[in-house]
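A.B. asks: Next come the chains, spelled out residue by residue.
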Amino acid sequence: MTAVAPFTIAGRELRSRLILGTGGFTNHDVLAAALQASGAELCTVALRRLGGERGPNHAGSILDVLDHAGVEVLPNTAGCYTARDAIITAQLAREAFGTDWIKLEVIGDDRTLLPDAVELVAAAEALVDDGFVVLPYTTDDPILARRLEDVGCAAVMPLGSPIGSGMGIRNPYNISIVVERAGVPVILDAGVGTASDAAFAIELGCDGVLCASAISRAHDPVAMANAIRLAVQAGRLARGAGRIPRRRYAEASTPDEGLPVFDSASQ
Amino acid sequence: MTVKVTINGDRRELPAGATVASVVASLPNAPEGRGVAVAIEGEVVPRAQWAVVELRDGANVEVVAAVQGG
Numbered sequence: 010m011t012a013v014a015p016f017t018i019a020g021r022e023l024r025s026r027l028i029l030g031t032g033g034f035t036n037h038d039v040l041a042a043a044l045q046a047s048g049a050e051l052c053t054v055a056l057r058r059l060g061g062e063r064g065p066n067h068a069g070s071i072l073d074v075l076d077h078a079g080v081e082v083l084p085n086t087a088g089c090y091t092a093r094d095a096i097i098t099a100q101l102a103r104e105a106f107g108t109d110w111i112k113l114e115v116i117g118d119d120r121t122l123l124p125d126a127v128e129l130v131a132a133a134e135a136l137v138d139d140g141f142v143v144l145p146y147t148t149d150d151p152i153l154a155r156r157l158e159d160v161g162c163a164a165v166m167p168l169g170s171p172i173g174s175g176m177g178i179r180n181p182y183n184i185s186i187v188v189e190r191a192g193v194p195v196i197l198d199a200g201v202g203t204a205s206d207a208a209f210a211i212e213l214g215c216d217g218v219l220c221a222s223a224i225s226r227a228h229d230p231v232a233m234a235n236a237i238r239l240a241v242q243a244g245r246l247a248r249g250a251g252r253i254p255r256r257r258y259a260e261a262s263t264p265d266e267g268l269p270v271f272d273s274a275s276q
Numbered sequence: 323m324t325v326k327v328t329i330n331g332d333r334r335e336l337p338a339g340a341t342v343a344s345v346v347a348s349l350p351n352a353p354e355g356r357g358v359a360v361a362i363e364g365e366v367v368p369r370a371q372w373a374v375v376e377l378r379d380g381a382n383v384e385v386v387a388a389v390q391g392g
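Chains as they are written, first to last, in our numbering: chain A, 10 to 276; chain B, 323 to 392.
Don't take each hint at face value.
[Said to hold, decoys possible] Across the chosen pairs, the derived CB separations fall in these ranges:
#1 S70/A to T324/B: 32 to 42 Å
#2 D76/A to S348/B: 22 to 32 Å
#3 P181/A to E365/B: 36 to 46 Å
#4 A14/A to K326/B: 50 to 60 Å
#5 E189/A to P368/B: 40 to 50 Å
[What the hints assert, rightly or not] Covered stretches of chain B (chain A as the covering partner; in silico rule of three or more C-beta atoms under 8 Å from a C-beta of chain A):
#6 361-368
#7 378-392
[What the hints assert, rightly or not] Per the computed footprint, the stretches of chain A lying under chain B, defined by three or more beta-carbons under 8 Å from a beta-carbon of chain B, are:
#8 20-34
#9 48-60
#10 104-117
In case anyone wonders, no lab produced these hints; they're calculated from the structure. For every residue, glycine included, the Cβ atom is placed at its ideal position computed from N, Cα and C.
Please put together the full structure from these sequences, using the hints given.
C.D. replies: Rendered as structure tokens:
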């Protein structure tokens with residue numbers, strides 16, 4: 010196992026285990042620099058109404074930035090609350106970007122942004138049937154991950170903690186169980202706050218990490234992109250190296266044998 | 323003759339025979355079609371049909387484009 014060993018999603022080989030979310034960058038120059046520093050090959054984008062006040066200001070130019078960086082687009086269905094909306098959004102994304110890959114998000118409310126499991130599975134099944142390569146954003150529930158795999162998802166993307174919370178991995182035991190049972194790649198999606206969180210995800214056995222806010226909202230996004238790229242590599246090396254078991258009590262690394270005795274009475 | 327349609331939530335009155343292509347071109351910041359997609363009543367209209375699909379009275383049209391996100 011090496012830090013740069015590629016992995017495969019739906020037959021596509023990816024050398025970088027870091028997928029970059031493009032949300033939250035203050036401008037395209039910072040995004041471009043962070044992209045380069047991250048080494049990501051895959052990058053999320055969203056769809057919003059054209060011509061709206063908060064819509065694309067320089068429509069198309071986000072795609073120019075991604076093209077120039079040589080990264081591929083992974084469209085998402087961010088903001089969808091129902092399977093129907095997510096399915097239509099995925100179909101729009103396929104038309105807009107010419108890719109059948111979709112990061113499927115179906116959320117339950119706007120405060121937690123947690124996935125709506127029922128709608129998520131329904132949307133995933135319909136999109137798989139429609140020929141999509143579906144990468145669902147899901148909870149850290151191993152059973153739900155299995156359900157998503159069963160309906161044909163190409164990967165599962167459990168959250169470490171809520172989107173944008175920077176709370177890291179709140180339930181590493183669940184993430185481990187998802188990893189142990191998954192027959193498809195596992196990408197940790199959401200919750201990463203800093204480099205160590207990304208390393209931890211990979212140490213737990215995740216195949217990759219998706220980061221947006223941790224990088225885009227960092228004080229220095231480019232430096233954080235670099236840090237998280239290295240953390241993913243470090244995590245990969247550590248996972249392969251095999252961590253020592255946890256113990257409740259100490260285990261000396263220095264041998265007791267040959268320890269000098271300075272008290273003559275105890276000789 | 324005109325048709326009343328809703329485009330991205332805004333009600334508009336267009337000349338009868340207005341096409342999807344003309345609607346996309348009329349929106350601010352319209353790129354040259356790249357990264358843009360259109361749905362009418364939740365059905366995607368393939369780009370190849372934009373020039374020929376005419377809007378019917380009462381149509382609900384959504385025109386979307388790429389933004390940062392996710």
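A.B. asks: Give me the numbers of the hints this structure contradicts, sorted from smallest to largest.
C.D. replies: Violated hints: none; all satisfied.
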